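K.L.:
Protein sequences, first through last, are from chains A, B and C. Residue numbers in the first sequence follow our numbering, run continuously in steps of one, and reach 507 at the last position. Residue numbers in the second sequence follow our numbering, run continuously in steps of one, and reach 1014 at the last position. Residue numbers in the third sequence follow our numbering, run continuously in steps of one, and reach 1521 at the last position.
No wet-lab data here; the hints were simulated from the structure. Since the structure is predicted, the reported quantities are computational estimates derived from the model, not experimental observations. Every residue gets a Cβ at the ideal spot worked out from N, C-alpha and C, and that includes glycine. Hints may be right or wrong, so weigh each one.
Claimed, not checked - Once the Cα atoms are required to be at most 16 angstroms apart in a straight line, the calculated EDC-like pairs of lysine to aspartate or glutamate come out as:
#1 A/Lys356 / A/Asp153
#2 A/Lys448 / C/Glu1432
#3 A/Lys448 / A/Glu425
#4 A/Lys287 / A/Glu318
#5 B/Lys690 / A/Glu418
#6 A/Lys171 / C/Glu1432
#7 C/Lys1185 / B/Glu925
#8 B/Lys686 / A/Glu318
#9 A/Lys448 / C/Asp1506
#10 C/Lys1193 / B/Glu925
#11 C/Lys1197 / B/Asp669
#12 A/Lys448 / A/Asp437
#13 A/Lys299 / A/Glu318
Stated by the list, open to error - Far from chain C, some chain B residues (derived; all Cβ distances over 10 angstroms):
#14 Ala549
#15 His554
#16 His639
#17 Val641
#18 Glu685
#19 Val804
#20 Asn947
#21 Ile968
#22 Arg1006
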Amino acid sequence: MGGGSSGRGSAVVWLASALLLLFTSPAYGGPEKPRMSAQTRACIGCHSIYTPGIVYDWRSGRHSRTTPEEALKSPVLQRRVSAKSIPEDLSRYVVGCYECHSRNPEKHKDNFDHMGFRINVIVTPEDCKTCHPVEVKEYAGSKKALAIGNLLDNPVYHTLVDSVTGLKRIKDGEITSEKPSEKTLQETCLGCHGTKIEVRGLKKVSTEMGEIMVPDLTNWPNQGVGRQNPDGSLGACTSCHPRHGFSIEVARKPYTCAQCHLEPDTPAWNVYKESKHGNIYLSASSKWRFDAVPWTVGKDFTAPTCAVCHSSLLVSPEGRVIAQRTHDFGSRLWVRLFGLIYSHPQPRSGDTTIIKNKDGLPLPTTFTGEYASEYLIDEAEQEERLKSMKAICNACHSSDWTNGHFGKLENTIRETNEMTLAATELMLQAWQRGIEDRTNPFDEPLEKMWIKQWLFYSNSIRYASAMTGAPDYAAFKLGWWELAENLQRMKDMIELKSRCTGASPDR
Amino acid sequence: MGGGSSGRGSAVVWLASALLLLFTSPAYGGPEKPRMSAQTRACIGCHSIYTPGIVYDWRSGRHSRTTPEEALKSPVLQRRVSAKSIPEDLSRYVVGCYECHSRNPEKHKDNFDHMGFRINVIVTPEDCKTCHPVEVKEYAGSKKALAIGNLLDNPVYHTLVDSVTGLKRIKDGEITSEKPSEKTLQETCLGCHGTKIEVRGLKKVSTEMGEIMVPDLTNWPNQGVGRQNPDGSLGACTSCHPRHGFSIEVARKPYTCAQCHLEPDTPAWNVYKESKHGNIYLSASSKWRFDAVPWTVGKDFTAPTCAVCHSSLLVSPEGRVIAQRTHDFGSRLWVRLFGLIYSHPQPRSGDTTIIKNKDGLPLPTTFTGEYASEYLIDEAEQEERLKSMKAICNACHSSDWTNGHFGKLENTIRETNEMTLAATELMLQAWQRGIEDRTNPFDEPLEKMWIKQWLFYSNSIRYASAMTGAPDYAAFKLGWWELAENLQRMKDMIELKSRCTGASPDR
Amino acid sequence: MGGGSSGRGSAVVWLASALLLLFTSPAYGGPEKPRMSAQTRACIGCHSIYTPGIVYDWRSGRHSRTTPEEALKSPVLQRRVSAKSIPEDLSRYVVGCYECHSRNPEKHKDNFDHMGFRINVIVTPEDCKTCHPVEVKEYAGSKKALAIGNLLDNPVYHTLVDSVTGLKRIKDGEITSEKPSEKTLQETCLGCHGTKIEVRGLKKVSTEMGEIMVPDLTNWPNQGVGRQNPDGSLGACTSCHPRHGFSIEVARKPYTCAQCHLEPDTPAWNVYKESKHGNIYLSASSKWRFDAVPWTVGKDFTAPTCAVCHSSLLVSPEGRVIAQRTHDFGSRLWVRLFGLIYSHPQPRSGDTTIIKNKDGLPLPTTFTGEYASEYLIDEAEQEERLKSMKAICNACHSSDWTNGHFGKLENTIRETNEMTLAATELMLQAWQRGIEDRTNPFDEPLEKMWIKQWLFYSNSIRYASAMTGAPDYAAFKLGWWELAENLQRMKDMIELKSRCTGASPDR
């Protein structure tokens, strides 16, 4: 096994040499190359032939131009590395293939021998931590890092996942549902939440270089935010910092968040682009500076993007810090707009599986809307976080404007929670009358209508309200119109079924 | 009250002085600064600390670089001000904070004492009129300026608004609907249409400078097109010219119109981006000049945007005027695509509350499609407007092409009106049989299906047809597919309910 | 007839002369003008007055700056013309109005006398073939070129077209459906598929120059991909290369494909923009080079667009060809994701009307999913095409990554086909019980629900899976959620109708 590659060995060496010549020539920008480690040069020797896209993408990025030693010399606010010091063996080379793909080999079950080097297939937060420890630590405690468990280890959500993505067949005229396949989960829920990558051993793959041995990974490829990596770490920095340019510009653009935060369940991007801020972003951002660190309000950008409000280090033109950088994207949030089934204060812990409501269900609210308060942040903490968010708004808006905005959001949360309650009362009625069966609360027609009330429509209205706009969205697209029509239809179907099937009108 | 700010007075003065130094230093672009009025300098002294975003946004715009005196020297076609003369006290200063926020204090109920200056919170069209009287006058007579009354003072539309956005609760197993809250109206219908801003007095707000007194405004913030302002004027120029850059580039980009003109009711942007013109805009507009006045066909842009057809001053490369600028965005339109409930000729007046159809309802057509002709423009006027629109098309297209296009639109209007009639006939049948109750024609399941026929699907098909494309949209997305399926479902539900409930088949 | 124009003759001549002066002046870029043919100069003389938009658009493009003779001198990989030689009379002039609009007059039924020149209204692939024969030949055999017949000459699809776009009326309380009007077909299905353009003779049109005679064309204007042209040729190059810049940049941007490949039936663009590749495109493509030929992976672009995978000539930075250019956009595809009604191997021929399944229907699969294999490419050919696609992926990704990706796609196809089968079994049940009538399988409520399963939801999931992402789309937006809910609703409606109408439960 693996011998297939040896036959091409000499050709590879020849090509690698040729490429090295190319890459160290002045035309290619040669003067900088001496700072590339010998190992990375070897990687690039072959990979610029076999996977040139990623090599050139890397070359476009800061990693290929900066050594950690240089990075550490920047003033603190401008610094893109958060480590206080960097291991000696890394600090004088640019951050190349080998520097990242060879970290912590003892932890990496996906470490393998590749052309004479010990290489990890997957670079994980644990590896990025070498230079970016603060970001990794913040992220590690967030709901995002724990996104797989938060979904699949919660029996209620797991049932919903199964009801939606499980393969259905007709048997004897009835619909049967199977457990979702791993691959379909990867293409749906776990595409965003992340998959568990395990190493089953080695396997042979055919490549342009011949057959080579590589680790046999489960549920791969995947770049979900809570990916469980072969070194035991959680998360994929590449969810938002796509390989191999790792451009801060990309991470700061809303399209990155818009890989997952989308209608109908979490339409952050959909409502943002219809808002005033989205209008300004779409119309004027070609003149903004997306790569400035720190990010200066008014000078580098003139309207917020996702990153402005939820993550970036912001300063005023005279250098005052308006918001500290965070990679726990919920840490500036006081309320969780996302209804489960009601909007509620943010959970205390990024691990939401520990939550139990008064009915004993692993949900932050009861079906009638009571909070599982001991698992949620208290009012003082909510106030503190709201204040930190308002500080960002106030970089452009008067306090009165900002207060007015959040007053509207508060009302929206209250009213959409009420609308969820109304739908839930109809649902309880239908379960009580035996029109549908509560055992699995997510798999019958009325139940699906009920889910849409809180998962699609109420959430959409809240997102629109939070993002200063999208009034047409909140009115007609996926908002009040749907809430009202769907509620009416639920009522109508209950009546029709009660009449046609003789279910008892026990109200 | 308000004393909270005095404690910080000296710090403010100090900071303001420091900022003035900064702003008049050469690095900041000092040579131009002498033209800033003393009052505006004072504003900026503090606001570049407290709300730097808007100060820097303003600095990016033309207002910060041009005095009215200079603006008046431009050749007429290039001029961005329409006033023949500008008051002496304004003409030699750039258009800064104080110049706009201090106009007409006697009319402004939102005028208040702010750090020693009399300031209006809201700058209104009446204020902008100082330099832009023609635009303000055009706008004042348009449907947009009257958008609040046109919606809420029309009892039919008001009922629809209430049915959609009113909070619903379940009482004794029945759905009850409340009047919509002010805040929900602000986040939905009135987000686009505008709110009525009244001054309830003064109130204390906490700011970074301490507590200050500010006017206590109702329904604020809002930037809807028909906003009723505290000086009695109508409209918000900031709907399309976002503060404080007031960039013509932003106003001319379709994202601005796309804050409100969206699916499912008015999907102008949605169909535009799928059209050939939208394709060219999205693919090539990074090379266009969006800030040129006048706007030259072929040189400054190579495909129309919303502004091209509906608003901008267009010239040919040799300087011939192809279309005069207008801020009455309906003035180039002969037909109103938006079905109420049928598409119909544009109304004569921007105030549509005066319309009465033959059935006595405040609608431009009867339920069977007859026009309330005396309130609509006549054929000669329609012809005139169509001609002015064709002149724009003909800057790129042959007359035959243009005629062919509008021939298709005419057919689309006729057929979608027919489809609305078919749905209305089913609805009348259902009302007659007592399946639903006509008292409120907008709140029951069949009624909602009927509304979607004319408000969502028919409108969408017309918009797609008007915008030279979006064939997949008109076929499947929100068009003929939906029209056909929904009509069939209406029929089906009527039959099912007739059978299950014993409603009399009285046709 | 036509005399109306003579009255303006002298004015036209005067203006044309003036324009010629302008266009040959140094300020306009005069030095290049001698290479414009005399006829094209005459065209431009008038058209820069009457339709300046297209004249300036043309001037922005390569056609206006390059002669075929020069184009032929480029190295082969950089060449944008595929002809080995170009007729002598064309080779030394830039490619202007007359060069294209005067080709093959004997074949063009739309050829007419226009201001003393014999002009074709429509430039067709047969005309473009003069310089681009390879592209035209590839295209001519593709499904796109045959898109009208493939839709309308297939009785099954034609029935679907009629059911969707036919005008409905209520007669005696029943819904009646007419044949769709030509104009509505143009605005829907044939907007993308193309119309048949015939010449009915000449007609008079009013223009700014007075009345002139022009060919009277049917179904015009249209730029659908399979347009049947008055010279007998098929296709419209302008579908993707909009007039008159004919920019390769536009053709390579996904917005061009996104004129037609859209949700809900073929949501290629919709899922692309939510994918990782779409994220990188939207965030970073302002720095890409869209006009480079050949197109270099990693240097000119760092993520694929539609054109990268389906059409463009791709090379690696050292010049190795990764993919040959093709204008048969299906030629790199092994599977047809688009379910008819199941996803299946690509058809052998671009003419799909010849296909017959085992049930004698003109469909590539039976209703139970069996392939009409003799009309579809065999496994060896599938393997070959998959390999060519993988070569593109592997320009950035490891073989294992790429295999993992296509493994997921394969699973998606299998499961969505199963879900289509489940819906079809319910449909067969309903037809059997007489709940709906199979004569027209596309016009009743349950039938429409069934159609959505395979035409909207299954397709959407497959597109999302093929495009490496859009997990939220595949889960909730138009994917598994809808598949599951709609299937459940079909079942529910069958039961309800069985009970209410007494249809026999004959399962």
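K.L.:
Work down the list of hints and note, for each, if the structure agrees.
P.N.:
The hints, checked one at a time:
For the given pair, A/Lys356 sits about 13 angstroms from A/Asp153 by alpha-carbon distance, which is consistent with the 16 angstroms threshold. Between the alpha carbons of A/Lys448 and C/Glu1432 the distance comes to roughly 22 angstroms, so the proposed pair goes past 16 angstroms and is violated. Distance check on the hinted pair: A/Lys448 and A/Glu425 sit about 14 angstroms apart at the alpha-carbon level, within 16 angstroms; holds. Restraint check for A/Lys287 and A/Glu318: not satisfied, since their Cα atoms lie roughly 21 angstroms apart, outside the 16 angstroms limit.
As the CA atoms of B/Lys690 and A/Glu418 are separated by approximately 15 angstroms, the hinted pair is consistent with the 16 angstroms bound. This hinted pair checks out: A/Lys171 and C/Glu1432 have alpha carbons roughly 13 angstroms apart, not beyond 16 angstroms. Taking the CA atoms of C/Lys1185 and B/Glu925, the gap is about 13 angstroms. The hint holds against a cut of 16 angstroms. Only pairs whose Cα atoms come within 16 angstroms are accepted, and B/Lys686 paired with A/Glu318 is rejected, the gap being roughly 48 angstroms.
Between A/Lys448 and C/Asp1506 the CA atoms are separated by roughly 12 angstroms; this keeps the pair inside 16 angstroms, and the hint holds. The hinted pair formed by C/Lys1193 and B/Glu925 meets the criterion: a straight-line CA distance of about 14 angstroms does not exceed 16 angstroms. As the CA atoms of C/Lys1197 and B/Asp669 are separated by approximately 38 angstroms, the hinted pair breaks the 16 angstroms bound. A hinted pair counts as satisfied when its Cα atoms are at most 16 angstroms apart, and A/Lys448 with A/Asp437 qualifies at roughly 12 angstroms.
For the proposed pair A/Lys299 and A/Glu318, the alpha carbon gap of about 11 angstroms is at most 16 angstroms, so the pair holds. Non-interface status of B/Ala549 relative to chain C is upheld: no Cβ of that chain comes within 10 angstroms, the nearest being about 40 angstroms off. With a least CB separation of 32 angstroms from chain C, B/His554 remains clear of the 10 angstroms interface cut-off, as annotated. Listed as outside the interface, B/His639 is consistent with that label: its C-beta sits roughly 28 angstroms from the nearest C-beta of chain C, beyond the 10 angstroms cut-off.
The non-interface label for B/Val641 is consistent with chain C: the shortest C-beta to C-beta separation is roughly 26 angstroms, beyond 10 angstroms. No Cβ of chain C approaches the Cβ of B/Glu685 within 10 angstroms, the least distance being about 30 angstroms, so the stated non-interface status holds. Against chain C, the non-interface label of B/Val804 is violated: not every CB pair exceeds 10 angstroms, the least being about 5 angstroms. No Cβ of chain C comes within 10 angstroms of the Cβ of B/Asn947; the nearest lies about 23 angstroms off, and the non-interface call holds.
Under the 10 angstroms C-beta cut-off, the non-interface status given to B/Ile968 relative to chain C is violated; the minimum distance is some 8 angstroms. Under the 10 angstroms C-beta cut-off, the non-interface status given to B/Arg1006 relative to chain C is violated; the minimum distance is some 5 angstroms.
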